[in-house]
Amino acid sequence: MAQSTVNGVRLHHETVGSGPPLLLVSGLGASSAAWAGVVPVLAQRHTVTTLDNRGTGRSDVPPGPYAIDDLGDDVAALVDRLGAGPTAVVGWSMGGSITQSLLVRHPGVVSRAVLLNAFPSYTRLQDAWLDAGLALRRAGVDPVTTGIDSMPWVYTPRLLTDHDAALAAAELARKDPYPTTLAGFEAQAAGLRVYDSRPHLPRVTTPTLVLVGAEDVLTPVAQSAEIAALVPTARLQVLPRGGHGMVLEYPDDTLAAITAFLDEAPGAAS
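Heads up: the sequence shown begins at 12 in this note's numbering, then just goes up one per residue.
Hints were generated in silico from the structure; no laboratory data involved. There's no promise every hint is true.
Here are the simulated distance ranges between beta carbons [stated by the list, open to error]:
| id | residue 1 | residue 2 | range |
| --- | --- | --- | --- |
| 1 | A240 | V27 | 19 to 27 Å |
| 2 | W140 | P210 | 18 to 26 Å |
| 3 | V228 | D175 | 20 to 28 Å |
| 4 | R116 | I159 | 13 to 21 Å |
| 5 | P73 | P251 | 39 to 47 Å |
| 6 | M12 | R56 | 18 to 26 Å |
In silico SDA-like cross-links for lysine to any residue, where the CA-CA straight-line distance does not exceed 20 Å [what the hints assert, rightly or not]:
| id | residue 1 | residue 2 |
| --- | --- | --- |
| 7 | K186 | D160 |
| 8 | K186 | G151 |
| 9 | K186 | D138 |
| 10 | K186 | V155 |
| 11 | K186 | P243 |
| 12 | K186 | L141 |
| 13 | K186 | P154 |
| 14 | K186 | I159 |
| 15 | K186 | M162 |
| 16 | K186 | A236 |
| 17 | K186 | R69 |
| 18 | K186 | R148 |
| 19 | K186 | G48 |
| 20 | K186 | A176 |
| 21 | K186 | P168 |
| 22 | K186 | V152 |
| 23 | K186 | A44 |
| 24 | K186 | T216 |
| 25 | K186 | D84 |
| 26 | K186 | A47 |
For each residue, glycine too, the CB sits at the ideal point set by N, CA and C.
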């Protein structure tokens, strides 16, 4: 465990494993703990770094809003501080937006990129989903209840029809020793909802896998297809099973796709 100050913000980060460098970037309101279930697997073949984006976990929560480019600049500065670049990067959901910013603004930092359940810009429905989540948090609703309300957007019926398992997954929020504050969530949300990568994606030259589950209703396949069509070096891969949380619900299939891409020889991505 370590902390580094970049761009005036103290970021918590951890590095484990051995092999080629790999950076995992979390989504909206999520700390590096979101990757806890898959880090041990990835660390068998990679030197894996996770971080708490500003506003989450053990990182600072400076006044918002946080532009996605600011979060991307944080990541680029951290990679430089650690001497870990160029590194492969996997960005999940909002982490995919941060990774798109890295690809555009800091291409030398990224050797290969995986955009996992990502999107180029918010739709009106995603805005409404975000408004609902903000309303619950601002009302002080219990985090487990808030999580249950969002579950149909994240998981597939495979989990949701098992009520005991779904409730157990939601209860994990109560055990989080470093929960995201309302201020941190609001600051990330404010930057996320106005981010639009589309004008800049044609400039990307880094090998990129755009990976999504066919059952993702929060960031549907059409949004991943839009990214892949705009990035000259991108490949779209749609897994037949899995929603927005497929790295949690279908970790074996998701990690198999990610590691196969990361293991490809240079020049084999496009």
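To test your reading of the hints: which numbers does this structure violate? Violated: hints 1, 4, 9, 11, 12, 16, 21, 24, 25.
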